[in-house]
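Put chain B on the given structure of chain A with help from the hints.
Residue numbers (my numbering), protein chains in the order written: chain A, 1191 to 1533; chain B, 80 to 382.
Worth flagging that the hints you see were computed from the coordinates, not collected in a lab. Computed from a predicted model, the values in this text were never measured in an experiment. Every residue gets a Cβ at the ideal spot worked out from N, C-alpha and C, and that includes glycine. Don't take each hint at face value.
As the list claims (entries may be wrong) - Derived Cβ-Cβ restraints for the label pairs, each shown as a range:
hint, chain 1, residue 1, chain 2, residue 2, range
1, A, Y1304, B, F281, 19 to 25 Å
2, B, F281, A, P1298, 19 to 25 Å
3, A, H1258, B, L160, 46 to 52 Å
4, A, R1259, B, G308, 52 to 58 Å
5, A, F1205, B, R364, 39 to 45 Å
Unchecked claim - Facing chain A, from chain B, some residues (calculated, C-beta under 7 Å):
hint, residue
6, D150
7, A153
8, A260
9, E267
10, L270
11, L272
12, V283
Claimed, not checked - Derived lysine-lysine pairs resembling DSS-like cross-links, with alpha carbons at most 27 Å apart:
hint, chain 1, residue 1, chain 2, residue 2
13, A, K1290, B, K182
14, B, K289, B, K137
15, A, K1300, A, K1290
16, A, K1290, A, K1306
17, A, K1201, B, K188
18, A, K1526, A, K1487
19, A, K1487, A, K1360
20, A, K1201, B, K182
21, A, K1514, A, K1477
22, A, K1523, A, K1487
23, A, K1523, A, K1477
24, B, K289, A, K1290
Below are the chains, spelled out letter by letter.
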Amino acid sequence: MSIEAKDITKKFGQFAALDHVDLNIPSGELVALLGPSGSGKTTLLRIIAGLEFADSGTILFDGQDTTHRNARDRRVGFVFQHYALFRHMTVFENIAFGLKVRPRNVRPSKEQIYAKVHELLSLIQLKNLSGRYPSQLSGGQRQRVALARALAVEPNVLLLDEPFGSLDAKVRLELRRWLRQLHDEVHITSVFVTHDQEEALEVSDRVAVMNDGHIEQVGSPDDVYHHPITPFVYNFLGNVNLFHGRVDEETPAIHNAATGNLVYVRPHLLEIQRHPNGGSNFRAVIKHINSAGPLVKIQALSEWGAPVQVELSQERFRELQLLKEETVFIIPKELKVFHKKAI
Amino acid sequence: MGSITLAAGKIPATRRVATAATGESGAVRWILIGVAVFFLALFIFLPLTIVFSQAFAKGAGVYWASLRQPDALAAIGLTLLAAGIAVPLNLVFGVAAAWCLGKFEFVGKSLLITLIDLPFSVSPVVSGLIYVLLFGLQGLLGPWLSRHDLQIIFAVPGIVLATIFVTFPFVARELIPLLQAQGQEEEEAALALGASSWQTFFRVSLPNIKWGLLYGVILCNARAMGEFGAVSVVSGHIRGRTNTMPLHVEILYNEYQFSAAFAVASLLALLALTTLAVKTVVEWRARRQLAESAAWSEERQVV
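So here's chain A without its partners, still in its complex pose (with noise of 0.2 Å):
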């Protein structure tokens, strides 16, 4: 079922959570909002729910307008951050509660609930527990459950807010590759947020970036990384080096002027040299190195006495044999400009 919002406008009281917001999600489709704390991404998603209302501004699920429905009416999954299991009831009555509760002429019988519930339960690969309570599970096993809990009903759209925000690092990696694999599977439309670039990049179709109540960007993984359309999209997806540079036509160098372009660069399209290569190099001086990871993550000093962060593969770093307070050259492979007028 594909979802459409259109003009959303939402504030909190002066604050404007969401302002003229537009989104477009196809059918079948897993995508991201991503965004900082406070950009309205989890408005958004409440909106799009029914949990929350939006001051204006219309949402249609499917081209039908669904804008003054409530959650309930809207057939909708939703995965909140901290679960908010049932507390009182056990893994098997939490997944089952969504059928349970429908009126007795749409509600599956005991048996259905039973197979239905058995098959949500070896999904999310917790069929030996069934029987605990929230407060006997992990994180994840908790977080898989909600999202059991959610698929029970057999939503129109599924919803995530930041569906793995509370794990740890590992537990996340994790699930949100498993979410992918059953996105895969059972193809529902879905959004879900995120504050976390990495994890939108990785598991959605789409990524819609969004800062200060609106959407900055909309787009593929890959499309939102190499192809940003404003500063903040590539701030956010990223590390990066921020310099004021002059543009020439062909070859944008970075110097030191204050009134040229913001350039960025990603740290690990710099390339460091021993020579000047008569171009758009500069000079800078290597003040840290780390070395553990799969890449090196070099420090430096500009000429002009910026940091610069720089990122070499393993090989090229014992090729060139870097030492630190060492003066090198330092060269843009790829840099993205905005102009000043833009920003």
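Then chain B, alone, in the frame of chain A:
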């Protein structure tokens, strides 16, 4: 409710740490314990024994006879009626008030909490007097009421009203902290899963507060049955008609019918003992529920 063992296990561990530095010497310890036991004996056990021994002073026959006296039966009936009306009403009011205070933010919230506490802070006699001033013959609504032949003061309605007023805070007070600790996510989850508001309330919200609620109801009931001051002002002490048990005890006592007075009093004492026993069990479960809710929300905040 599995983490209970965990939560309960923590408390004694910290309590047991009476180290040499903070502990008292043997003599001091025994003196303190002795003083406590002495006061308990003097103020609780002694009166209780006297109530029962006086009640049975002239034998079990007199005891039963004084309880079967029509006036005594009427007093018991009236007390049960007043509590039977006041407790369910305050249960509903209490849950509603606690719900709106515990789950929502709005202007005037603290004022409302203060108002709910009002019956606690006002002397019961004054609350009774308020009703006399409102509904009495010389009162604000008195002329209108008498024109329509409605009697509230010196009649059963007045007693019920006074009882409701005095016992109003118990349920609400008990539930507000519990509901605040629980937040709203479970209700939202239930709604999103297609539950109606009633289903959400009965299947999700109510089970989460049931022990706290029961605790509030027990306290409310004990007070409703034992209330003296406010009821005394509005009752008019008409024997067999507007006397509740506490009032009946007073009248009998003033008429030097000690055995009968203590017989009725022993019923109230029994009620108190039962309440205490039930309360202890329920309180323990309620505290567990609150601790669990707090632990849950703490877990939420750790993130």
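Hint by hint, here is what the structure shows:
1. The supplied range of 19 to 25 Å is met by Y1304 of chain A and F281 of chain B, whose beta-carbon atoms lie about 23 Å from each other.
2. The hinted window of 19 to 25 Å between F281 of chain B and P1298 of chain A holds, with their beta carbons roughly 21 Å apart.
3. The hinted range of 46 to 52 Å is satisfied by H1258 of chain A and L160 of chain B, whose Cβ atoms lie roughly 47 Å apart.
4. Between R1259 of chain A and G308 of chain B the beta carbon distance is about 53 Å. The supplied range of 52 to 58 Å therefore holds.
5. With their beta carbons about 42 Å apart, F1205 of chain A and R364 of chain B fall inside the hinted range of 39 to 45 Å.
6. This hint is violated: D150 of chain B has a C-beta 47 Å from the nearest C-beta of chain A, more than the 7 Å allowed.
7. Nearest Cβ of chain A to the Cβ of A153 of chain B: about 43 Å, over the 7 Å cut. The hint is violated.
8. A hinted interface residue such as A260 of chain B counts as satisfied when its beta carbon comes closer than 7 Å to some beta carbon of chain A; here the least separation is about 12 Å, so the hint is violated.
9. For E267 of chain B, the shortest C-beta to C-beta distance to chain A is roughly 5 Å, which falls under 7 Å, so the interface hint holds.
10. For the restraint placing L270 of chain B at the interface with chain A, the shortest Cβ-Cβ distance is roughly 5 Å, inside the 7 Å limit, so the hint holds.
11. Interface hint status for L272 of chain B: upheld, as the beta-carbon distance to the closest one in chain A is roughly 4 Å, under 7 Å.
12. With a least beta-carbon distance of about 6 Å to chain A, the hint placing V283 of chain B at the interface is held under the 7 Å criterion.
13. At most 27 Å may separate the alpha-carbon atoms for a hinted pair to count; K1290 of chain A and K182 of chain B meet this at roughly 26 Å.
14. Among the hinted pairs, K289 of chain B with K137 of chain B is inconsistent with the structure: their alpha-carbon atoms are about 44 Å apart, more than 27 Å.
15. Annotation: proposed proximity of K1300 of chain A to K1290 of chain A holds, straight-line Cα distance about 9 Å (limit 27 Å).
16. Distance hint between K1290 of chain A and K1306 of chain A is fulfilled; the C-alpha atoms sit about 12 Å from each other, no more than 27 Å.
17. Restraint check for K1201 of chain A and K188 of chain B: satisfied, since their Cα atoms lie roughly 22 Å apart, inside the 27 Å limit.
18. Only pairs whose Cα atoms come within 27 Å are accepted, and K1526 of chain A paired with K1487 of chain A is accepted, the gap being roughly 21 Å.
19. Straight-line distance between C-alpha atoms of K1487 of chain A and K1360 of chain A comes to about 23 Å, which keeps the hinted pair within the 27 Å bound.
20. At most 27 Å may separate the alpha-carbon atoms for a hinted pair to count; K1201 of chain A and K182 of chain B meet this at roughly 20 Å.
21. The straight-line distance between the Cα atoms of K1514 of chain A and K1477 of chain A is roughly 6 Å, inside the 27 Å bound, and the hint therefore holds.
22. Of the pairs offered as hints, the one joining K1523 of chain A and K1487 of chain A holds, with about 17 Å between alpha carbons and a cut-off of 27 Å not exceeded.
23. For the proposed pair K1523 of chain A and K1477 of chain A, the alpha carbon gap of about 21 Å is at most 27 Å, so the pair holds.
24. For the proposed pair K289 of chain B and K1290 of chain A, the alpha carbon gap of about 21 Å is at most 27 Å, so the pair holds.
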